[in-house]
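Using my numbering, the letters of the sequence shown map in sequence onto residues 1 to 274.
Calculated from the structure, these hints are not laboratory results. Hints may be right or wrong, so weigh each one.
As the list claims (entries may be wrong) - Below, simulated BS3-like cross-link-like pairs (lysine-lysine); rule was C-alpha separation at most 30 Å, straight line: (1) Lys-44 <-> Lys-58; (2) Lys-239 <-> Lys-207; (3) Lys-77 <-> Lys-88; (4) Lys-88 <-> Lys-103; (5) Lys-44 <-> Lys-55; (6) Lys-87 <-> Lys-77; (7) Lys-58 <-> Lys-40; (8) Lys-58 <-> Lys-77; (9) Lys-46 <-> Lys-32; (10) Lys-111 <-> Lys-122; (11) Lys-72 <-> Lys-55; (12) Lys-87 <-> Lys-103; (13) Lys-32 <-> Lys-44; (14) Lys-111 <-> Lys-88; (15) Lys-26 <-> Lys-55; (16) Lys-26 <-> Lys-44; (17) Lys-87 <-> Lys-111; (18) Lys-72 <-> Lys-87; (19) Lys-109 <-> Lys-124; (20) Lys-40 <-> Lys-26; (21) Lys-122 <-> Lys-103; (22) Lys-124 <-> Lys-111; (23) Lys-88 <-> Lys-72; (24) Lys-109 <-> Lys-122; (25) Lys-58 <-> Lys-46.
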Amino acid sequence: DKGKTLLNLLTEYGGLSQANQALNLKISALEKEVYGLEEKAALKGKIQADVDSLKAEKASLETHVAELHAQKDQLSKVKGEVSSLSKKQTELESEIAELESYKAGVTEKIKLLEETTGGLEKRKAEYDEVTARLSEVEERLTRENKRLRIFGSFLGIVKSSAIEKLDEFAQNLPYFIDDVKAGNHSPKLIRNMLIQELTGGTLQVLKCTQCGVMFVVNKKPVVTKNGYCPLCGSDYYVKVDKEALDILKEDLVELKKFQTIFIQPELINPGKIN
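Working from the sequences, and respecting the hints, build out all of it.
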């Protein structure tokens with residue numbers, strides 16, 4: 001029995017030895033596996049660090065990519081604007097060419113106008129001179145028309161004078177002229193004498209100092225009493241207005257120049273009343 005027991009023990013020992021070897025192998029394998037796992041764990045940490053770094057780089061790249069997309073969009077927009085500006089540039093260049101051509105034409109016209117203006121300035125000076133002379137002529141014509149009306153009044157006085165007064169005037173006229181030439185009498189006195197001779201003292205300009213009306217009496221008064229005013233009826237304030245009569249005489253004598261220049265001699269026959 002002891003031998004059997006020993007055999008059993010040896011058998012069991014052999015089995016245990018094998019089992020131990022198997023365990024050792026397993027332990028060795030596990031150790032290797034653990035070492036591999038440790039390497040894997042270390043590698044995992046490194047990989048994780050690399051992953052984190054890549055994630056950070058990815059985030060940075062995403063921002064950069066977004067900026068690149070924005071720049072791409074901006075570039076596309078700029079390209080569109082450049083195309084539009086190029087077209088606008090072409091249009092502006094064409095417009096500039098047209099304006100240059102128009103400018104050349106205008107410059108030529110200005111040159112022609114400047115050449116023409118030189119003659120126009122001379123004509124304007126001539127026009128201004130003629131206008132000034134025309135104004136003088138119109139002023140003179142107005143003045144002479146006034147004198148002509150006065151001369152007509154003078155002719156009316158002559159025509160209405162009595163024949164004997166005209167004869168007396170014609171006889172005395174040479175003596176009046178000689179007196180003026182000799183300086184014996186003033187021209188004003190001679191004028192008054194001529195009017196006195198022609199009118200026979202019948203021409204009087206009366207004025208009512210009450211209402212201011214003036215009127216002419218062409219007949220010699222038969223009474224020395226003051227007359228009646230035809231406007232207000234006053235018989236006290238009517239006086240002979242010497243001043244008005246003197247003005248009339250002065251105007252009449254100024255007709256001498258007008259008669260000399262404008263009245264043709266054949267239209268007025270001395271000594272003849274038309």
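Going down the list of hints, with the structure as the test:
| no. | hint | verdict |
| --- | --- | --- |
| 1 | Lys-44 <-> Lys-58 | holds, 20 Å |
| 2 | Lys-239 <-> Lys-207 | holds, 5 Å |
| 3 | Lys-77 <-> Lys-88 | holds, 16 Å |
| 4 | Lys-88 <-> Lys-103 | holds, 22 Å |
| 5 | Lys-44 <-> Lys-55 | holds, 16 Å |
| 6 | Lys-87 <-> Lys-77 | holds, 15 Å |
| 7 | Lys-58 <-> Lys-40 | holds, 25 Å |
| 8 | Lys-58 <-> Lys-77 | holds, 28 Å |
| 9 | Lys-46 <-> Lys-32 | holds, 20 Å |
| 10 | Lys-111 <-> Lys-122 | holds, 18 Å |
| 11 | Lys-72 <-> Lys-55 | holds, 24 Å |
| 12 | Lys-87 <-> Lys-103 | holds, 24 Å |
| 13 | Lys-32 <-> Lys-44 | holds, 17 Å |
| 14 | Lys-111 <-> Lys-88 | violated, 34 Å |
| 15 | Lys-26 <-> Lys-55 | violated, 40 Å |
| 16 | Lys-26 <-> Lys-44 | holds, 25 Å |
| 17 | Lys-87 <-> Lys-111 | violated, 36 Å |
| 18 | Lys-72 <-> Lys-87 | holds, 22 Å |
| 19 | Lys-109 <-> Lys-124 | holds, 21 Å |
| 20 | Lys-40 <-> Lys-26 | holds, 20 Å |
| 21 | Lys-122 <-> Lys-103 | holds, 28 Å |
| 22 | Lys-124 <-> Lys-111 | holds, 20 Å |
| 23 | Lys-88 <-> Lys-72 | holds, 24 Å |
| 24 | Lys-109 <-> Lys-122 | holds, 20 Å |
| 25 | Lys-58 <-> Lys-46 | holds, 18 Å |
The structure is inconsistent with the numbered hints 14, 15, 17, although it conforms to all the rest.
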